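> Below are the chains, spelled out letter by letter.
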Amino acid sequence: MARILLVDDEPEIRIITRMMLEKAGYEVVEASNGEEGLRMLANAKPDLILLDVMMPGMKGWEVCEKIKADEKLKHIPVVMFTVRTSDEDIEQSRECGAEAHINKPFDRKELLETVERLLRKM
Amino acid sequence: MVREKEATQDNNDLMEKFMRDLSFLYMVTSSIHRLTRVEEVLRFLVNEVTRALNAEIGIVYTLDTASKRLLPVVSRGLRKGEEEKLAVKVDDSAVGRAFEEGRIINAVAGESDFYPTLDGMEVNSLLCVPVKGRKNILGVLELCRLHPLKFSLDEERLVTVAAGQAAIAMENIQNLEELEKTVRELKAVDELKNNLLANVSHELRTPITIAKGALELAMDEKDVKKRNGLLKMAMNALVRQNFIVGDLIEAANLERGKRELKLEEVNLAQLITLVSDEFKPMLIKDKIKMKISVENCLPPARADNKQLRHVLRNLISNAIKFNKEGGEIIIEAREKGNMVEVCVSDTGIGIPEDKLDKIFERFYQVDSSPSRRYGGTGLGLAIVKETVEAHGGRVTVESKLGRGSKFCFTLPAARKEE
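Taken in sequence, the protein lines are chains Z and S. Each step along the first sequence adds one to the number in this note's numbering, with nothing skipped, and position 92 is 112. Each step along the second sequence adds one to the number in this note's numbering, with nothing skipped, and position 305 is 459.
Calculated from the structure, these hints are not laboratory results. Everything numeric in this text was worked out from a predicted model, so none of it was measured. Warning: the hint list may mix true and false statements.
Within a straight-line C-alpha distance of at most 35 angstroms, the following computed DSBU-like cross-link-like pairs (lysine-lysine) qualify [stated by the list, open to error]: (1) K443(S) - K416(S); (2) K341(S) - K560(S); (3) K129(Z) - K366(S); (4) K286(S) - K304(S); (5) K86(Z) - K478(S); (6) K86(Z) - K475(S); (7) K380(S) - K441(S); (8) K366(S) - K94(Z); (9) K222(S) - K509(S); (10) K65(Z) - K366(S).
Taking CB as the label site, the calculated pair distances span [stated by the list, open to error]: (11) R114(Z) - T219(S): 51 to 61 angstroms; (12) E56(Z) - C451(S): 46 to 56 angstroms; (13) E136(Z) - V551(S): 48 to 58 angstroms; (14) A352(S) - L139(Z): 29 to 39 angstroms; (15) L510(S) - H95(Z): 46 to 56 angstroms; (16) I438(S) - E56(Z): 22 to 32 angstroms; (17) I438(S) - E82(Z): 26 to 36 angstroms; (18) A22(Z) - D377(S): 24 to 34 angstroms; (19) T105(Z) - E507(S): 34 to 44 angstroms; (20) E47(Z) - D377(S): 20 to 30 angstroms; (21) E482(S) - E42(Z): 27 to 37 angstroms; (22) E47(Z) - K379(S): 19 to 29 angstroms.
Idealized CB from N, CA, C, for every residue including glycine.
Produce the entire structure from the sequences given, and follow the hints as far as they go.
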């Protein structure tokens, strides 16, 4: 069973996203900000990271950069998961090395398909 | 022959003097407009003119609007400490009259216009020239000689032209400064509006994301209890969204200057209970306790019910948003003279002292960076202030960083007719 680290500061968004992912058979671990997410990576060993952008402290893009700069972590696919939906925002997700960008509000189908596609590639 | 020679000599002297004056004026006009500060302009004027006219002392006075006195701003030839002692009442002395009447005063000791400003100094000749701007008189240039040698008409003219150039330079600098200030302010407003747009779209999309996700899950949830939980979550998200939309509409109305107050008697105890009930789900979520204390026999407020409700909502929603988990909110209402006062206090993060006067500005947020911790449009408190003031009341705030904030507002009490 693949494990997904979900990093988002909005508790309700974590609840619904977790429910969708768990129903699809994934295991979910949660962090409520970027720093916490980074700290959890070593132990949680997730197969994929769902990363919000607008969070207190470190922004999601910055967290993504740190992951992609780390030899031990950079193989983990990162999905930016955000209300920032402009072309520049999507470009920024690409630049930080994220494998995918999902706009919020999102469709369950889109979320699950993206996650599945990235995990299959592994 | 001799006479002819003398005439040529006179002509030559005249020409020389004319050339000297012209080159002086040329020097003044070509230099003075390059200066970028008002004080530099005045200093240049006083130095150059005093030197050119062989006066011992030169002083420029400008009007201090608060004290209605002419104060020296720059001077040349004064002893140390002398400048501080000079303050001229507008209607008193030659300087005062030159300013008041806008005319040149040129007098030597003994003449009726001779009212020296400098006590205890052997001034025997003075020339006061108003520094005339386009609309009003900006100040007075005073030149003093210790000798009783009267300033000539030519000298008067020379000083008048130089002072006129200084006035133009001063006004140009002031206009430029005003223009720069306006541009800076407009840029700040523009940036706030851009921030607002980014913030608003974030603020609106987050509850939509929650509601949409919760409804999608509720649709194929068989367990009734779980489904109701999801529906409630969607509902709360939409309530949150509605607050934001309410703020935006209210702000748009304010922007258009549209505000009609439907004044009626509002029972504050009822309204406070009603509004605080809307926030119950959020209080439970953040484990925040809310206490309401309304004075007995509190007279009703004379207010627009709908707008007052919006004010209360904004203050309570802030008190929750900026509170800590397990914190407390106290809502109090009491009579205060012929007003009623409502206070909302929280035990939250508080507001830095230097930000206290800014939080009521539209679009202002203590932290407006995109990754900021606290959401919102930056409109709530501006709406609170403008609404309360439209009712004839006042909003005040006290805050301790890390300890909490207390917002109070007053409204006119509706007195019972006797």
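> All hints are to be evaluated individually against the structure, with a verdict given for each.
Going through the hints against the structure:
1. About 33 angstroms separates the Cα atoms of K443(S) and K416(S), which keeps this hinted pair within 35 angstroms; it holds.
2. Between the alpha carbons of K341(S) and K560(S) the distance comes to roughly 32 angstroms, so the proposed pair stays at or under 35 angstroms and holds.
3. A distance of roughly 13 angstroms separates the Cα atoms of K129(Z) and K366(S); the hinted pair therefore holds under the 35 angstroms criterion.
4. Annotation: proposed proximity of K286(S) to K304(S) holds, straight-line Cα distance about 23 angstroms (limit 35 angstroms).
5. Simply put, K86(Z) and K478(S) have alpha-carbon atoms about 30 angstroms apart, close enough for the 35 angstroms limit, and the pair holds.
6. At roughly 30 angstroms between alpha-carbon atoms, K86(Z) and K475(S) fall within 35 angstroms of each other, so this suggested pair holds.
7. For the given pair, K380(S) sits about 22 angstroms from K441(S) by alpha-carbon distance, which is consistent with the 35 angstroms threshold.
8. About 32 angstroms separates the Cα atoms of K366(S) and K94(Z), which keeps this hinted pair within 35 angstroms; it holds.
9. A hinted pair counts as satisfied when its Cα atoms are at most 35 angstroms apart, and K222(S) with K509(S) qualifies at roughly 34 angstroms.
10. Note on K65(Z) and K366(S): the hinted pairing holds, with a Cα-Cα distance of about 30 angstroms set against a maximum of 35 angstroms.
11. Restraint check, R114(Z) to T219(S): a C-beta distance of roughly 59 angstroms satisfies the suggested window 51 to 61 angstroms.
12. E56(Z) and C451(S) have their C-beta atoms about 52 angstroms apart, which keeps the hinted 46 to 56 angstroms range intact.
13. For E136(Z) paired with V551(S), a C-beta distance near 52 angstroms keeps the hint of 48 to 58 angstroms intact.
14. For A352(S) and L139(Z), the hinted distance range of 29 to 39 angstroms is satisfied, since their beta carbons lie about 33 angstroms from each other.
15. In this structure, L510(S) and H95(Z) meet the distance hint of 46 to 56 angstroms, their C-beta atoms being roughly 50 angstroms apart.
16. One distance hint, 22 to 32 angstroms for the beta-carbon pair I438(S) and E56(Z), holds here, with the actual separation near 24 angstroms.
17. The given range of 26 to 36 angstroms is respected by I438(S) and E82(Z), whose C-beta atoms sit roughly 33 angstroms from each other.
18. Our hint of 24 to 34 angstroms for A22(Z) and D377(S) holds, since their Cβ atoms are close to 25 angstroms apart.
19. For the hinted restraint 34 to 44 angstroms between T105(Z) and E507(S), the CB-CB distance of approximately 38 angstroms keeps it satisfied.
20. A C-beta distance of roughly 21 angstroms is found between E47(Z) and D377(S), which places it inside the suggested range of 20 to 30 angstroms.
21. In this structure the hint that E482(S) and E42(Z) lie 27 to 37 angstroms apart at CB holds, the actual value being about 36 angstroms.
22. About 24 angstroms separates the C-beta atoms of E47(Z) and K379(S), a value consistent with the hinted range of 19 to 29 angstroms.
This entry satisfies every hint, going by the numbered hints stated previously.
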